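Colleague: This is what each chain is made of:
Number of protein chains: 2
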Amino acid sequence: MVILQSMSEETVNSDVIVDSTVTSASDVNTISTDNIVFIGNKPTMNYVLAIVTQFQNGQSEVIVRGRGKAISRAVDAVEVALHKFLPRIEKQQITTCTEEVETEDGMMRVSVIEIVLAHQNQESSE
Amino acid sequence: MVILQSMSEETVNSDVIVDSTVTSASDVNTISTDNIVFIGNKPTMNYVLAIVTQFQNGQSEVIVRGRGKAISRAVDAVEVALHKFLPRIEKQQITTCTEEVETEDGMMRVSVIEIVLAHQNQESSE
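Just so you know, the protein sequences line up as chains A and B, in that order. Read in order, the letters of the first sequence correspond to residues 1 to 126 in our numbering. Read in order, the letters of the second sequence correspond to residues 1 to 126 in our numbering.
To be clear, the hints were calculated from the coordinates, so they are not data collected in a lab. A portion of the hints provided could be inaccurate.
As the list makes no split between identical chains, a pair holds if one copy fits it or if it spans any two.
With a cut-off of at most 20 Å between alpha-carbon atoms, the simulated SDA-like pairs for lysine to any residue come out as follows [said to hold, decoys possible]: (1) K84 / G106; (2) K42 / H119; (3) K84 / S60; (4) K69 / Q120; (5) K42 / D105.
This structure is a prediction, so every number in the text was calculated from the model and none was measured.
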């Protein structure tokens with residue numbers, strides 16, 4: 001809960017989150033932004049597939065990230081992925097924040113959601 | 001985090017959440033679904049106002065609830081309310097789940113987000 005709080009306060013830096021998944025030196029080479037699924041304007045099932053593929057490729061943690069109107073799609077993609085394809089994966093953390101984005105009309109604020117998915121075993125074995 | 005987990009698993013019953021705000025016998029009369037802000041298709045600022053009004057009326061906890069495409073608006077309303085009007089309120093818990101809704105075409109699944117807002121002091125004084 002403390003982590004959720006501190007992350008909600010400020011704009012979340014994606015790199016920081018990726019760093020938190022580094023658990024051993026041997027993992028470093030495989031850690032990149034690969035485990036982040038950015039939600040855009042494509043059909044929800046595209047992102048469901050992206051999430052499922054991440055776990056099938058051996059990722060232990062996948063971060064689903066959506067901005068603005070794509071927030072709804074991010075939640076949809078996670079719900080479908082977990083209910084239909086990934087019964088052993090759970091939502092470990094959900095955070096929202098506000099980011100400033102540069103547009104033609106100047107800086108605009110946009111809401112962001114990040115949902116961290118991971119194996120259920122990780123949490124219960126601690 | 002345990003609470004977040006158990007709530008994410010199943011469809012969240014709003015009544016249960018409201019019950020959790022009952023802290024003393026004298027509070028019972030004032031506890032109702034009043035502290036839930038349901039997000040619909042109106043402009044975001046309507047819901048921002050609804051959230052701010054809840055706290056101004058003395059609510060210690062407000063639950064913001066959105067379904068389907070209104071999920072994005074729910075997050076927007078919370079972000080704007082907290083950044084612009086309620087600096088001492090924080091997101092205490094964010095959960096998502098899937099609900100079944102009866103439509104003309106039969107049962108349809110829809111994603112739901114619930115964001116619990118409360119005074120920062122509550123958490124830190126524990």
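Colleague: Now look at each hint and say whether the structure bears it out.
Modeller: Hints and how they fare:
1. Taking the closest pair of Cα atoms, K84 and G106 come within 20 Å of each other only across two copies (19 Å); inside a single copy the shortest separation is 41 Å, beyond that limit.
2. With identical chains, the CA atoms of K42 and H119 are never at most 20 Å apart, being 26 Å at best within one copy and 38 Å at best between copies.
3. Taking CA atoms no more than 20 Å apart as the test, K84 paired with S60 passes inside one copy only; the shortest distance there is 18 Å, against 37 Å between copies.
4. Taking the shortest Cα distances, K69 and Q120 never come within 20 Å of each other, neither inside one copy (29 Å) nor across copies (28 Å).
5. With identical chains, the CA atoms of K42 and D105 are never at most 20 Å apart, being 25 Å at best within one copy and 24 Å at best between copies.
Against the hints set out earlier in the document, violations occur for numbers 2, 4 and 5.
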